[in-house]
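Chemist: If you're matching them up, the sequences are chains R and W in order.
Position one of the first sequence corresponds to residue 1 (this note's numbering), numbered consecutively onward.
Position one of the second sequence corresponds to residue 1001 (this note's numbering), numbered consecutively onward.
These aren't lab readings, by the way, just hints derived from the structure by calculation.
A quick note: this is a predicted structure, and the numbers were derived from the prediction, not measured.
Beta carbons are placed, not taken as given, at the ideal position from N, Cα and C, and that holds for glycine.
It cannot be assumed that every hint is accurate.
Claimed, not checked - Taking lysine to any residue and the SDA-like style, the derived pairs with C-alpha atoms no more than 25 angstroms apart in a straight line are:
id: 1; chain 1: R; residue 1: K179; chain 2: W; residue 2: N1171
id: 2; chain 1: R; residue 1: K99; chain 2: R; residue 2: E109
id: 3; chain 1: W; residue 1: K1144; chain 2: R; residue 2: E184
id: 4; chain 1: W; residue 1: K1144; chain 2: R; residue 2: N153
id: 5; chain 1: W; residue 1: K1392; chain 2: R; residue 2: Q32
id: 6; chain 1: R; residue 1: K264; chain 2: W; residue 2: S1374
id: 7; chain 1: W; residue 1: K1264; chain 2: R; residue 2: Y333
id: 8; chain 1: R; residue 1: K392; chain 2: W; residue 2: M1244
id: 9; chain 1: W; residue 1: K1144; chain 2: R; residue 2: A183
id: 10; chain 1: W; residue 1: K1144; chain 2: R; residue 2: N171
id: 11; chain 1: W; residue 1: K1264; chain 2: R; residue 2: R337
id: 12; chain 1: R; residue 1: K91; chain 2: R; residue 2: F74
id: 13; chain 1: R; residue 1: K144; chain 2: W; residue 2: N1175
id: 14; chain 1: W; residue 1: K1392; chain 2: W; residue 2: G1326
id: 15; chain 1: R; residue 1: K144; chain 2: W; residue 2: E1151
id: 16; chain 1: R; residue 1: K144; chain 2: W; residue 2: L1188
id: 17; chain 1: R; residue 1: K264; chain 2: W; residue 2: Q1334
id: 18; chain 1: W; residue 1: K1179; chain 2: R; residue 2: R141
id: 19; chain 1: W; residue 1: K1264; chain 2: R; residue 2: I378
id: 20; chain 1: R; residue 1: K264; chain 2: W; residue 2: L1385
id: 21; chain 1: R; residue 1: K396; chain 2: W; residue 2: M1244
id: 22; chain 1: R; residue 1: K396; chain 2: W; residue 2: E1241
id: 23; chain 1: R; residue 1: K144; chain 2: W; residue 2: A1134
id: 24; chain 1: R; residue 1: K144; chain 2: W; residue 2: G1166
id: 25; chain 1: W; residue 1: K1163; chain 2: W; residue 2: Q1180
id: 26; chain 1: R; residue 1: K144; chain 2: W; residue 2: D1138
id: 27; chain 1: R; residue 1: K144; chain 2: W; residue 2: A1146
id: 28; chain 1: W; residue 1: K1264; chain 2: R; residue 2: I357
id: 29; chain 1: W; residue 1: K1264; chain 2: R; residue 2: N332
id: 30; chain 1: R; residue 1: K144; chain 2: W; residue 2: R1141
id: 31; chain 1: W; residue 1: K1179; chain 2: R; residue 2: R137
id: 32; chain 1: W; residue 1: K1144; chain 2: R; residue 2: E151
id: 33; chain 1: R; residue 1: K179; chain 2: W; residue 2: S1177
id: 34; chain 1: W; residue 1: K1099; chain 2: W; residue 2: D1086
id: 35; chain 1: R; residue 1: K392; chain 2: W; residue 2: D1055
id: 36; chain 1: W; residue 1: K1392; chain 2: R; residue 2: Q237
Claimed, not checked - Covered stretches of chain W (in silico footprint by chain R; criterion: 3 or more residues with CB under 8 angstroms from a CB of chain R, positions within the stretch not fixed):
id: 37; stretch: 1209-1217
id: 38; stretch: 1228-1236
There are 2 protein chains.
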Amino acid sequence: TLAQPDFALPDEYGSLNALQWATIFESLLNSQRLALWPHIPSELSSSILSEMREDARGHFLSELPQANIEEAVFSGTNAEVVEILDALPQKTVVRLVNKLAPGTQSQIETSLSYSDEQVGRYADQEVYTIASTALVRDVLREVKSAEHLHEGNSYVVTDASAKYLGEVNINDLLNASAKQSIAELVHLPETQIDAEQSLLDASNLVRGSQKAALPVVDGHGRFIGQFSIQDALSVFQEYYESQMAHLGQVSDEDLFAPVVLSAKRRAIWLGINLLTAFLASFVIGIFDAVLVEVVALAVLMPIVASMGGITGSQTLTLSIRGLATGQLNSVNYQYLRRKEFLVAALNGAFWAVMVGILAYFWFSDVFVSVILASALLINMLVASLSGMAVPKVLDKLGVDPAIAGSVILTTITDVVGFFVFLGSATIIFLR
Amino acid sequence: TLAQPDFALPDEYGSLNALQWATIFESLLNSQRLALWPHIPSELSSSILSEMREDARGHFLSELPQANIEEAVFSGTNAEVVEILDALPQKTVVRLVNKLAPGTQSQIETSLSYSDEQVGRYADQEVYTIASTALVRDVLREVKSAEHLHEGNSYVVTDASAKYLGEVNINDLLNASAKQSIAELVHLPETQIDAEQSLLDASNLVRGSQKAALPVVDGHGRFIGQFSIQDALSVFQEYYESQMAHLGQVSDEDLFAPVVLSAKRRAIWLGINLLTAFLASFVIGIFDAVLVEVVALAVLMPIVASMGGITGSQTLTLSIRGLATGQLNSVNYQYLRRKEFLVAALNGAFWAVMVGILAYFWFSDVFVSVILASALLINMLVASLSGMAVPKVLDKLGVDPAIAGSVILTTITDVVGFFVFLGSATIIFLR
Chain R
1 TLAQPDFALP DEYGSLNALQ WATIFESLLN SQRLALWPHI PSELSSSILS EMREDARGHF
61 LSELPQANIE EAVFSGTNAE VVEILDALPQ KTVVRLVNKL APGTQSQIET SLSYSDEQVG
121 RYADQEVYTI ASTALVRDVL REVKSAEHLH EGNSYVVTDA SAKYLGEVNI NDLLNASAKQ
181 SIAELVHLPE TQIDAEQSLL DASNLVRGSQ KAALPVVDGH GRFIGQFSIQ DALSVFQEYY
241 ESQMAHLGQV SDEDLFAPVV LSAKRRAIWL GINLLTAFLA SFVIGIFDAV LVEVVALAVL
301 MPIVASMGGI TGSQTLTLSI RGLATGQLNS VNYQYLRRKE FLVAALNGAF WAVMVGILAY
361 FWFSDVFVSV ILASALLINM LVASLSGMAV PKVLDKLGVD PAIAGSVILT TITDVVGFFV
421 FLGSATIIFL R
Chain W
1001 TLAQPDFALP DEYGSLNALQ WATIFESLLN SQRLALWPHI PSELSSSILS EMREDARGHF
1061 LSELPQANIE EAVFSGTNAE VVEILDALPQ KTVVRLVNKL APGTQSQIET SLSYSDEQVG
1121 RYADQEVYTI ASTALVRDVL REVKSAEHLH EGNSYVVTDA SAKYLGEVNI NDLLNASAKQ
1181 SIAELVHLPE TQIDAEQSLL DASNLVRGSQ KAALPVVDGH GRFIGQFSIQ DALSVFQEYY
1241 ESQMAHLGQV SDEDLFAPVV LSAKRRAIWL GINLLTAFLA SFVIGIFDAV LVEVVALAVL
1301 MPIVASMGGI TGSQTLTLSI RGLATGQLNS VNYQYLRRKE FLVAALNGAF WAVMVGILAY
1361 FWFSDVFVSV ILASALLINM LVASLSGMAV PKVLDKLGVD PAIAGSVILT TITDVVGFFV
1421 FLGSATIIFL R
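For reference, chain R alone in the conformation it holds in the complex (with noise of 0.2 angstroms):
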């Protein structure tokens, strides 16, 4: 119903907030969203969009009208405005910017002087700052008569040229006596952020300072706005969803994309796959002799390969998140490599004789049962050395192992679990 151009919203729409609607905006089609849109608050436009998923918004954007974004982007906050941007074409951009209030323009270029994997391009700038020449009382009346109530407990200051000098904490503006100078309060917080960290390193700042927010400064130490602990959150999930889109090797993020668009995002991950397993099966038919005269071979290959694969994928899991969060470094990766060897031979020994017991039950042949027992141990042992091996290499690389360990993971343990069974059954079978 949400897809007719005329309804009226039932009443509990009327208490969401930005986050909220952003979730039901990325849950409807691209002409529900443009049927909703009249429907919400025009005051959380900029909100709405800014809180959406980039690939909803991307597509979302490419369908609403001028004249709607405009009123968005024009509402907003620059933090806000400058995620609005970053899903538009540059030429709508240029307009857009262009048609800012100067103030406003200003600090959009400035926002946009930085990457979009820089802070320095997301760091809200709408922050109440203090001259450090004013007077405590000054600041307390305005302090007062704020109309938006300032959150955390201290306040920012700068000198004439924007040059960032630290904090005041209300606690010593209370103490203060009136006539005092804010020059003489003023402390340098524990941590500040270099506009052109990324936003990772941000996050993980803001989180460890315990603080709402931490002050952002460029190279010359002006202040060029505060990355709050809020924004560390959307950094982490952005993260961390994109880390499992990888692991599920789909890159799609808006559910409701075109469908030509998301066959083609995943045609890419297809057609890698499909080379890895024409190289398993180029393996598989190099012994394609053994085959025919010991067809149990062929029914049991699969599970070679596959327990390899399980065997690597969770050392890699293990090992592309220690490498993300820290824990994983040049000092213990040794250990590492060698427990995780240990905790692959015991569950290899484990599993082949296991298995090879069912497989003799099977087919009573004891030489199938031996070669497949010793094919999966080996191929075990292999797939934890290469789940510790291949995210080190990719990150020295420079290529994010989350992207393409678990591809390349696979076509290992394919072609050594094959290549090991078929190999040595050709050599006790052929000989």
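Use these hints to put chain W onto chain R, whose structure you have.
Modeler: Just chain W now, kept in the frame of chain R:
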């Protein structure tokens, strides 16, 4: 060198925060953790333990001397203490709780009266609360002289029986006259958290509220504590990391858990996988006659299973994420299933033709090529339908789709792939 009992830490360790310390401890063996522990700033001990990931914390605490554990427990906030107690055996918990000061003891008992899935257990009780009968001047005096800076811009107000009345903003305090009663300034925030809500729901509420923290209130309206955006971030991180671990079929969190423990945990996944691998082998075994006749089938059959597996995994990843984020619901489920089917049909048709042609160049057998291409297309279509159906069914059964989804899906794509490919080959070649 950290394993040596006597050593001095480099100076830069002095500026580490609890989160950074926690990461260091996670990256060490238990023996190294024990050696490093005496060197940490003692005021951070409880924070470091509570910031550590659950599994690593558990292993470390199982070897940390009781005296060190007590020291941490006696200096922690209630929320930190609960995180530490969660990792200790029940007997130790009872003994430690009895040793606490009466006030802390009742706080901890309140926390422990909620399950480890409920937000009430982890709400921060050490929040500065104001009695509704207090006067503005008393509160301002208190705020000015506060030893520790209060995060945020509002204060919690309760009545004599600890019932939650709402909050009072610092702006309103500054604007009020000194003799006004707090009761006149208090207002209810837009969102409160029920102490029995799940951690994930509570985290979403805090995130959506754009506030630094929300009040947690029990069924009788009593104020239990605050749940902050920092807490929410930890919950989200734990959630995403466990989802990723499930996708990699591994449940270890501590990289440095004992070898035997890790091996046991992973053996479960390997065992489940072995069952599904044997099921696939069983299907192949049904058709062993045709494999002997046409060896190309044995060579090519992994391609059908593998391409189906990837297709299914792509749809599965999207639908699991859609369910987790609330983007996927009963209204749009049908649409998404249709879309995923179309995507699989497009890619299936394209790759089936490609694979058919390649197989023809390899084996020069048009029957093999046609059978291969048809089986590939059918398996990819089944995979996309299964990728939608499996998470929905698991969700209805109350099982987390991320845990069992990919194993079930791989079983389906293997069994269907081998059955269709070898079954149709049997009909054609052995007719």
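Chemist: A separate judgement is required for each hint: does it hold in the structure or not?
Modeler: Evaluated hints:
| no. | hint | result |
| --- | --- | --- |
| 1 | R/K179 / W/N1171 | holds, 20 angstroms |
| 2 | R/K99 / R/E109 | holds, 13 angstroms |
| 3 | W/K1144 / R/E184 | holds, 17 angstroms |
| 4 | W/K1144 / R/N153 | holds, 12 angstroms |
| 5 | W/K1392 / R/Q32 | holds, 23 angstroms |
| 6 | R/K264 / W/S1374 | holds, 21 angstroms |
| 7 | W/K1264 / R/Y333 | holds, 22 angstroms |
| 8 | R/K392 / W/M1244 | holds, 19 angstroms |
| 9 | W/K1144 / R/A183 | holds, 19 angstroms |
| 10 | W/K1144 / R/N171 | holds, 5 angstroms |
| 11 | W/K1264 / R/R337 | holds, 18 angstroms |
| 12 | R/K91 / R/F74 | holds, 17 angstroms |
| 13 | R/K144 / W/N1175 | holds, 6 angstroms |
| 14 | W/K1392 / W/G1326 | holds, 13 angstroms |
| 15 | R/K144 / W/E1151 | holds, 18 angstroms |
| 16 | R/K144 / W/L1188 | holds, 20 angstroms |
| 17 | R/K264 / W/Q1334 | holds, 22 angstroms |
| 18 | W/K1179 / R/R141 | holds, 20 angstroms |
| 19 | W/K1264 / R/I378 | holds, 19 angstroms |
| 20 | R/K264 / W/L1385 | holds, 19 angstroms |
| 21 | R/K396 / W/M1244 | holds, 23 angstroms |
| 22 | R/K396 / W/E1241 | holds, 23 angstroms |
| 23 | R/K144 / W/A1134 | holds, 21 angstroms |
| 24 | R/K144 / W/G1166 | holds, 20 angstroms |
| 25 | W/K1163 / W/Q1180 | holds, 21 angstroms |
| 26 | R/K144 / W/D1138 | holds, 18 angstroms |
| 27 | R/K144 / W/A1146 | holds, 20 angstroms |
| 28 | W/K1264 / R/I357 | holds, 20 angstroms |
| 29 | W/K1264 / R/N332 | holds, 22 angstroms |
| 30 | R/K144 / W/R1141 | holds, 17 angstroms |
| 31 | W/K1179 / R/R137 | holds, 21 angstroms |
| 32 | W/K1144 / R/E151 | holds, 18 angstroms |
| 33 | R/K179 / W/S1177 | holds, 21 angstroms |
| 34 | W/K1099 / W/D1086 | holds, 17 angstroms |
| 35 | R/K392 / W/D1055 | holds, 24 angstroms |
| 36 | W/K1392 / R/Q237 | holds, 23 angstroms |
| 37 | 1209-1217 | holds (count 4) |
| 38 | 1228-1236 | holds (count 5) |
Violation of the numbered hints given earlier is absent; every hint is satisfied by the structure.
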